[in-house]
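Those sequence lines, one after another, are chains P and L. Heads up: the first sequence begins at 1 in the numbering used here, then just goes up one per residue. Heads up: the second sequence begins at 1 in the numbering used here, then just goes up one per residue.
Possibly wrong hints are sitting among the right ones.
[Unchecked claim] In silico BS3-like cross-links for lysine-lysine, where the CA-CA straight-line distance does not exceed 27 Å:
#1 Lys655(P) x Lys76(L)
#2 Lys61(L) x Lys606(P)
#3 Lys449(P) x Lys294(L)
Treat the hints as calculated values from the structure; they're not laboratory data.
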Amino acid sequence: MRKNLEFASDAIIFSYSSVVFSDSRRTGLLVLASTLVFPVNGLLGLLGAALSGGIAHALGMDRQSVRKGAYGFNGVLTGLGLGYFFEFGPALLALLAVACIALTFLTVFLNNVFYYYFGLPAMSLPFCLAAWLVMMAGPGLGSLQPSADRLSAFHLAVGAFPGWLNTFFSTVGAVLFQTNTFSGILVSVGVLLYSRIAFVLLAAGFLFGGWVHDLFGADASLLDKRFFGFNHMLTALAIGGIFAVPGPGAFLVALVASAVSSLLLVALFNFLPENLSPLAVPFNISVILTLYALKLRARPSLGVRLTDGVLVPPEKSLGKLRQEIRQWKRYGVAVALPFYGKWKVTQGIDGKYTHREDWRFAYDFQAAGHSGELFKNNGAELEDYFSYGLPVVSPAPGKVAALKDGVADNPVGTVNSGGDRWGNHVIIEHAPGYYSCLAHLKNGSINVKPGQELAKGETVGACGNSGRSPYPHLHLQFQLSPVAGAPTYNFDLSNVVVDGKPRKFLQSGTLAENALVQNAAYSPDWAIFFPYAMHRQWMYRFNGVSETWSMDVDFYGNSYLVSFPLETRVYFLLAEGVLTMKKAEGSRDTGLFFFGSVVSDVPFVKEHDEVGWIAKEGADYLLNPFYVGLSDVFSIAGTGLHQLSHYRAAGEGSKVRLNAEIHLGLHVPGANIPLKRYADAEVVFARDVGVESVTMGQKKLVFVSRE
Amino acid sequence: MFIKKQYEKPFIKRQQGGITNKFGRTTQSKIKDHIDGKNVSDLVKQYGSPLFVYSESTITKKYNELTHAFALRYPKFQPAWSYKTNYLSAICQKFHKLGSWAEVVSEMEYGMALKLGVNPQKIIFNGPFKPYDALKEAISKGSMVNIDSMDEVYDVEKIAAELGRTVNVDIRVNMALGNYMAWDRFGFNIESGVAMQAARRLLVGGKVNIRGLHCHVGTFILDPDIYRKQTEQLISFGKQLSSEFGVKIEYIDIGGGFASRNRLKNTYLATDDMTPSFNSFAEAVCDQLLAAFKPNELPLLIAETGRALIDEAGSLVATVGASKRLNNGTRAIILDAGVNLLFTAFWYDHEISPAVDRGFALEDQVIYGPLCMQIDVVHPMVKLPNMERGDHLVIHPVGAYNNTQWMQFIHLRPNVVMIGENGAVTVIREKENIDYLQRLEHLPE
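Next up, chain P with everything else stripped away, as it sits in the complex (with noise of 0.2 Å):
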């Protein structure tokens, strides 16, 4: 019984916060406070979520689906949208009965054929088309009266406030269909706990919106009196920070939807008669097509980044895009060099020779001997290259799309510009839309087939010197279709080790011409020097104060550290010979949460060898959550605070010391300014104990004892 009763109230609160985007209950709560300012208005609002969400879980739909109010949100809409629309009676009531049942139809349909054929979601749409039902019978319903001077009796406002507040948060309430100041405030508070970035964007949409609006010499009485703004409010938060990851250019394409939200909205109320209303249609039609649009993208910018279109607070896209950006680029794959042992990048992105315009985005490898040279003897025979006939591997997890095989190598110094000029290549389909191209390689070394699903690191053939190519060397591109030739997409290479004094990780990154590169040790020490278990207990003392860890795995798989007795959760990521911290959730007093703050990610490091890097991330450990919020919300101009650090790990035989320099700085597009450092940091591996200690300064956490 109690089971069920968590259930309906929850399908109810859901469908309430769906309304705004959010999936919080307190949200929740705050929009179903701000409709009940006009009590009965807001009874017909619940009848609707309940009718909705009611008979879509009497006809078997998914649970989950109706717990998290995927259909009750727009029979809220329903309700509130009639009983704004036409005057409370037995009649209505009946009426919402009915057109709650056409929305579930309604909601099934749209979200099935919205889904398959465009991969989008059809948000509000299947409330207004039930309501354009109602009110295109209206007129030949006798017992269903319309709702009379709708326009004042719903609308109050606040006289102390200056008139733009009041029309603002009218606006925002009118998403509801609540008119008036007092229901908009509940709303506002109500966004601004689960996002402040998504209040930001109501509003921008609510400003930008507005002044196109009156740019057009649109009747001003639409948003002041009608409050129709809401259209453009929407339309900026769904796209500035629901459907893509916050940023500057995220941010620009909302103003451009809600554009033509503003536009929409003046064309359908010219064009529809008198007793059908805009709705939310401008608000819907807008977001959907920007979305299809954004989707197709034949070159996917960086600059705006869709998310997986769950609902999902903006601040959380932009951390979790923060953490992707940091470990993979492009599908969630992440490219390694592919090939063993050290190499010399001798053409890189944007180089001279070949590596320009549509074909910028490629590097060309050759095999380095121990003082980087590029051959043996004279360099006049192909075998004196060291490059030439070195195994090959697949860069990421694949499957082989085409080759091509037969086309001899060249002698030393000449080329094949030919039909031939990717020489034998294989190319790899890593993602839709994401294909590698392996060139150049030995005649008849290729040793996979089309359609061979292959392993990251797996041998695809041999360095050769066929095609475009007078020296031994590989060619490795990303490219849209899997056709040789094909434009190449910009990308970034993951865990690569670059030579130098000292040398450098790049955890992800481009690489520049001449660099030496490998990819980061393969060790399985890692895992010895964190050796971190299940049910098992390390005991620490943290400035004094003693903690235990333990390690354990989430619902989802996700492994973390955790805390006790101040639980602190802080989750990593052991693979391919490098260790990552994730986030931190819970206690920012624990020495788990100390240890965090300092490390992010960490390659393995053989004894005697020192690797050093600088990493970038978010505020997050560093500043407490008021802080990160404000800085959240300046991502959308394209700045904000991180943490920036520069690490230097070396290999001591049964230790790894890793020292970090660790700065806050402030990011303006172009540079970094930095605005505080904090005290050297010095985390010590210890082999079969994992974190032995951490020092900053005065904070010191060490090991004591494990079990």
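Since chain P is already given, all that's left is putting chain L on it; use the hints.
Positioned in the frame of chain P, the structure of chain L alone reads:
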């Protein structure tokens, strides 16, 4: 300015007109008066003669060549320094600092490795004779033990029972490779099925896990194809073990045997032409491994290289003690270093270079050592100028198997120095004296 010319004794040299030298070019002797930038006479003045001289930079260079050759072809390569080739602590420590594991073949060598602080899990314990206690110590400490015979199999099981847990071992196999003087006494033979029997016996007992395979085909191998065949057989045997017993092959140890730039007796090509590069050996081995295993199942490839890494880093400086002309007219010179210090002289013709310029008139000479034995011959025939008493000669390469097989016979063993990469010269083994020699002796009452 008037420079006094070097006096050259007059000599008579027989001219052979019209016949070309059927052995190609003549073995010219080049002057070698510096080793790693250090003047040979200065070294002798300070450290005496004879003198073993090791070059740290050559060690580093050869080690990097080896790892580089394999690194380009295989992502998981681990060299293990073969202690029996040279177990001077300074040499072993240098290899460990460079990242090498230790490969030992006796209790003695195992103890040496532990004493140097090597992690027991990075010690490979080979050999046909492993006393029970040594075997137990190695297994309990987690070293990689390569089982050589059925008796060892029974010992291992007993040890597992005593330790009360399952233990990890690897087995050594041998196979027909069609090479001259194949080693067939070590490990279990694959073709006859003995290897499979031994594996079955080990695994069926339930107390022992097999983690990898080991094979060592010989010494001073000049043909990389031998390694190709060896790897092929190791892979197929490993796959058989996997499919029949579910064994996961974590290590493939191809042993050692790479040749160095030394000249085996009765060969006539230049060593440059004969000695395969590390690249050739790597190519023979790695391609097959990549083809046989998926990227996330690649076993760790171990090579127990010794000679090829250290031989060229060692030189022996000796001084001419006397000279004479033998009955058949051949000139002979007698050095203060002979087969007591240069055991490998029995199989190799080392390069012998004068450290001082004695003119261009060369003569075939035989080089004897200081022992009173007819077989004490350092080199049977080498073209040298007329060296005088007190002149120094540099014998090269001597880094492998000489400092482990030298005899304390008739003469005390001399200083061994190493020229560091920073240029500093350190004595890594002091010359012996009589007290040292007789310390362990007791006279009966």
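Structure-based check of each hint:
1. Proposed proximity of Lys655(P) and Lys76(L) is supported: the alpha carbons are some 21 Å apart, at most 27 Å.
2. Restraint check for Lys61(L) and Lys606(P): satisfied, since their Cα atoms lie roughly 19 Å apart, inside the 27 Å limit.
3. In summary, the hint linking Lys449(P) to Lys294(L) is supported, as the alpha carbons are separated by about 16 Å, within the 27 Å threshold.
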